[in-house]
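Starting from the given sequences, assemble the full structure and let the hints guide the process.
Just so you know, my numbering puts 269 at position 269 of the sequence shown, and the rest follows in order with no gaps.
Quick caveat, the hints were computed from the structure, so don't treat them as lab data. Just so we're clear, the structure is a prediction, and the values are computed from it rather than from any experiment. Heads up, some of the hints might be wrong.
Using 20 Å as the maximum straight-line C-alpha spacing, the simulated EDC-like pairs for lysine to aspartate or glutamate come out as follows [said to hold, decoys possible]:
| id | residue 1 | residue 2 |
| --- | --- | --- |
| 1 | K233 | E218 |
| 2 | K157 | E175 |
| 3 | K18 | E4 |
| 4 | K31 | D58 |
| 5 | K213 | E166 |
| 6 | K225 | D250 |
| 7 | K157 | E135 |
| 8 | K9 | E135 |
| 9 | K27 | E50 |
| 10 | K35 | D58 |
| 11 | K18 | D68 |
| 12 | K233 | D139 |
| 13 | K31 | D68 |
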Amino acid sequence: MTFEEIRDKISKHLESGKSYGLVVPNKAYAKALLKALIRTSNVQDTMIIEPDTNIGIDEVRTVIEFLDFAPKGEIKKVILYDADKMTQEAANAFLKTLEEPPSYAILILVTSRWFSLLPTIRSRLQKLQVQLPIEPGLDEFERYLVYWNYDFLEPIKEKAYSILSEEEFLEAIDEIDEPSQEPDVIMSLKHLLEQYLNKDLATYANFVSQLAKKNNIEFLRIVSKVVSWLIYKNDSLPPNLKIKYLRICDEILRSKIANFNYQLTYYTLLLGLRGDNL
1 MTFEEIRDKI
11 SKHLESGKSY
21 GLVVPNKAYA
31 KALLKALIRT
41 SNVQDTMIIE
51 PDTNIGIDEV
61 RTVIEFLDFA
71 PKGEIKKVIL
81 YDADKMTQEA
91 ANAFLKTLEE
101 PPSYAILILV
111 TSRWFSLLPT
121 IRSRLQKLQV
131 QLPIEPGLDE
141 FERYLVYWNY
151 DFLEPIKEKA
161 YSILSEEEFL
171 EAIDEIDEPS
181 QEPDVIMSLK
191 HLLEQYLNKD
201 LATYANFVSQ
211 LAKKNNIEFL
221 RIVSKVVSWL
231 IYKNDSLPPN
241 LKIKYLRICD
251 EILRSKIANF
261 NYQLTYYTLL
271 LGLRGDNL
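Now the structure itself:
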């Protein structure tokens, strides 16, 4: 199915008076799918919750209060991104509303981790699971990146990214909070790691030591994503080590707070990537 077909299918499926769990590969893809739904709504009839950390009870109470009053138009729409970040207290306060939303409301809980939602939440949602359409012309790693973040699709399709030199790359890490930098950093990191993995341990360790100075959670997540790919594709690593390091990467990607020992984490992942080649 094309993106447009998937988007239209979701729009036609939604009915007022019901709660849905929209399961997507990543949040950016969900935003693209729901953009038209939001655009056609009265601004006063739409509430979007997008947490920086957790969805707490205060956010849920705001939603409940929002739904207490009839819409200005026909339907009120509530969209909660990263619904798997809902706290136990917030989830308990939300159960009745999810089970019996007002007849004039549609509730959409968005997640890429369906089974991280509490069972009591999942049981009250109609599950809508969508996949990314297959984009022709992308290689395997490029598809992997789009599956991670749909915002990467256009720059990757247009090849609008650069493979940075090592010096440029290390400077760019300090600006990683700027989203436009990410494809450059990701592609360059993969390129550099593939080069350094074929060098002697001392040279490789020196490169790792430069990365380990960067106490930046966003960059650590990028490292985890690229390392996940390289570990998955590394046929020389035994399955037990692959599982070990993939679990560490997943823990970093799921983490809601930046409470890592950065230096130790970088060394663990990047030296582990060499496997027995130490």
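Those earlier numbered hints the structure runs against, lowest number first: 1, 2, 3, 4, 10, 13
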